[in-house]
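S.K.: Chains as they are written, first to last, in our numbering: chain A, 1 to 116; chain B, 1 to 115.
Be aware that a few hints might be false.
[As the list claims (entries may be wrong)] Heads up, simulated SDA-like pairs for lysine to any residue below, C-alpha to C-alpha not over 25 Å straight-line:
{"#": "1", "chain 1": "B", "residue 1": "Lys-44", "chain 2": "A", "residue 2": "Arg-111"}
{"#": "2", "chain 1": "B", "residue 1": "Lys-71", "chain 2": "B", "residue 2": "Met-60"}
{"#": "3", "chain 1": "B", "residue 1": "Lys-44", "chain 2": "A", "residue 2": "Arg-50"}
{"#": "4", "chain 1": "B", "residue 1": "Lys-51", "chain 2": "A", "residue 2": "Phe-96"}
{"#": "5", "chain 1": "B", "residue 1": "Lys-44", "chain 2": "A", "residue 2": "Ser-87"}
{"#": "6", "chain 1": "A", "residue 1": "Lys-3", "chain 2": "A", "residue 2": "Leu-48"}
[Stated by the list, open to error] Calculated from the model, a selection of chain B residues having no Cβ within reach of chain A, i.e. all distances over 10 Å:
{"#": "7", "residue": "Arg-22"}
{"#": "8", "residue": "Glu-52"}
{"#": "9", "residue": "Glu-63"}
{"#": "10", "residue": "Ile-76"}
{"#": "11", "residue": "Arg-84"}
{"#": "12", "residue": "Thr-105"}
{"#": "13", "residue": "Val-114"}
[Claimed, not checked] Looking from chain A toward chain B, a few residues come up when the C-beta cut is under 8 Å (computed):
{"#": "14", "residue": "Phe-35"}
{"#": "15", "residue": "Gly-43"}
{"#": "16", "residue": "Leu-45"}
{"#": "17", "residue": "Phe-47"}
{"#": "18", "residue": "Arg-50"}
{"#": "19", "residue": "Trp-66"}
{"#": "20", "residue": "Asp-86"}
{"#": "21", "residue": "Ser-99"}
{"#": "22", "residue": "Thr-101"}
{"#": "23", "residue": "Lys-103"}
{"#": "24", "residue": "Tyr-104"}
No lab work stands behind these hints: they were computed from the structure. C-beta: ideal position from N, C-alpha, C; glycine also.
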Amino acid sequence: AQKVTQAQTEISVVEKEDVTLDCVYETRDTTYYLFWYKQPPSGELVFLIRRNSFDEQNEISGRYSWNFQKSTSSFNFTITASQVVDSAVYFCALSFEASGTYKYIFGTGTRLKVLA
Amino acid sequence: NAGVMQNPRHLVRRRGQEARLRCSPMKGHSHVYWYRQLPEEGLKFMVYLQKENIIDESGMPKERFSAEFPKEGPSILRIQQVVRGDSAAYFCASSLPQGAHYGYTFGSGTRLTVV
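Use the sequences and the hints to build the structure in full.
M.R.: The following block contains the structure:
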């Protein structure tokens, strides 16, 4: 079965602290894609990153970095020097092929609160 | 704005009324997906459509819910005889024909409140 687990329901940090959001996935497929989306208080969903199952290179984009480890089926997201504007709900998602289409499974999200 | 457009942003309906949610995909995207987000939960897949064709509706409730994506015009998610449990945020996403694995572009969502 395909599954995405975000065990951290809510995290609070003080501004400038680093914070890591965990994502663990389950899939039997060898080809799949992993994503992170951000949902700020305004409610829209913002695409952050996509990673395919054959690319385990970690990625850094400004204060954001992602650590993909197939051995532990994890795709964790770290924000360095957090800012109040990072406060949002962050969703991890798994995309896989099923019956000729690609489906997404979303985790339940981690609410990040960055305090000034 | 070349993004995915959803309207209305907020919709209030009384129990028993019909709700119609609209989604115009990004320019060049011919695939549309509807997701529902219940309060404090993640997004759950509802239906995947191409123009004039429902590809996958495995996430749609069996009754009262329907979706279409006509040749012309936006995709419509229709909920008949709404109940309080239908209150949620409904998100539409679109993708290129090559597939959703490149990443969805989501609309801003429609927040449905049933009173």
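S.K.: Hint by hint, say whether it matches the structure.
M.R.: Hints, one by one, checked against the model:
{"no.": "1", "hint": "Lys-44(B) x Arg-111(A)", "in the structure": "holds (18 Å)"}
{"no.": "2", "hint": "Lys-71(B) x Met-60(B)", "in the structure": "holds (21 Å)"}
{"no.": "3", "hint": "Lys-44(B) x Arg-50(A)", "in the structure": "holds (19 Å)"}
{"no.": "4", "hint": "Lys-51(B) x Phe-96(A)", "in the structure": "holds (22 Å)"}
{"no.": "5", "hint": "Lys-44(B) x Ser-87(A)", "in the structure": "holds (23 Å)"}
{"no.": "6", "hint": "Lys-3(A) x Leu-48(A)", "in the structure": "holds (20 Å)"}
{"no.": "7", "hint": "Arg-22", "in the structure": "holds (16 Å)"}
{"no.": "8", "hint": "Glu-52", "in the structure": "holds (16 Å)"}
{"no.": "9", "hint": "Glu-63", "in the structure": "holds (23 Å)"}
{"no.": "10", "hint": "Ile-76", "in the structure": "holds (20 Å)"}
{"no.": "11", "hint": "Arg-84", "in the structure": "holds (20 Å)"}
{"no.": "12", "hint": "Thr-105", "in the structure": "violated (7 Å)"}
{"no.": "13", "hint": "Val-114", "in the structure": "holds (18 Å)"}
{"no.": "14", "hint": "Phe-35", "in the structure": "holds (6 Å)"}
{"no.": "15", "hint": "Gly-43", "in the structure": "holds (6 Å)"}
{"no.": "16", "hint": "Leu-45", "in the structure": "holds (4 Å)"}
{"no.": "17", "hint": "Phe-47", "in the structure": "holds (5 Å)"}
{"no.": "18", "hint": "Arg-50", "in the structure": "holds (5 Å)"}
{"no.": "19", "hint": "Trp-66", "in the structure": "violated (14 Å)"}
{"no.": "20", "hint": "Asp-86", "in the structure": "violated (19 Å)"}
{"no.": "21", "hint": "Ser-99", "in the structure": "holds (7 Å)"}
{"no.": "22", "hint": "Thr-101", "in the structure": "holds (5 Å)"}
{"no.": "23", "hint": "Lys-103", "in the structure": "holds (6 Å)"}
{"no.": "24", "hint": "Tyr-104", "in the structure": "holds (6 Å)"}
Hint violations for this structure: numbers 12, 19 and 20, all remaining hints satisfied.
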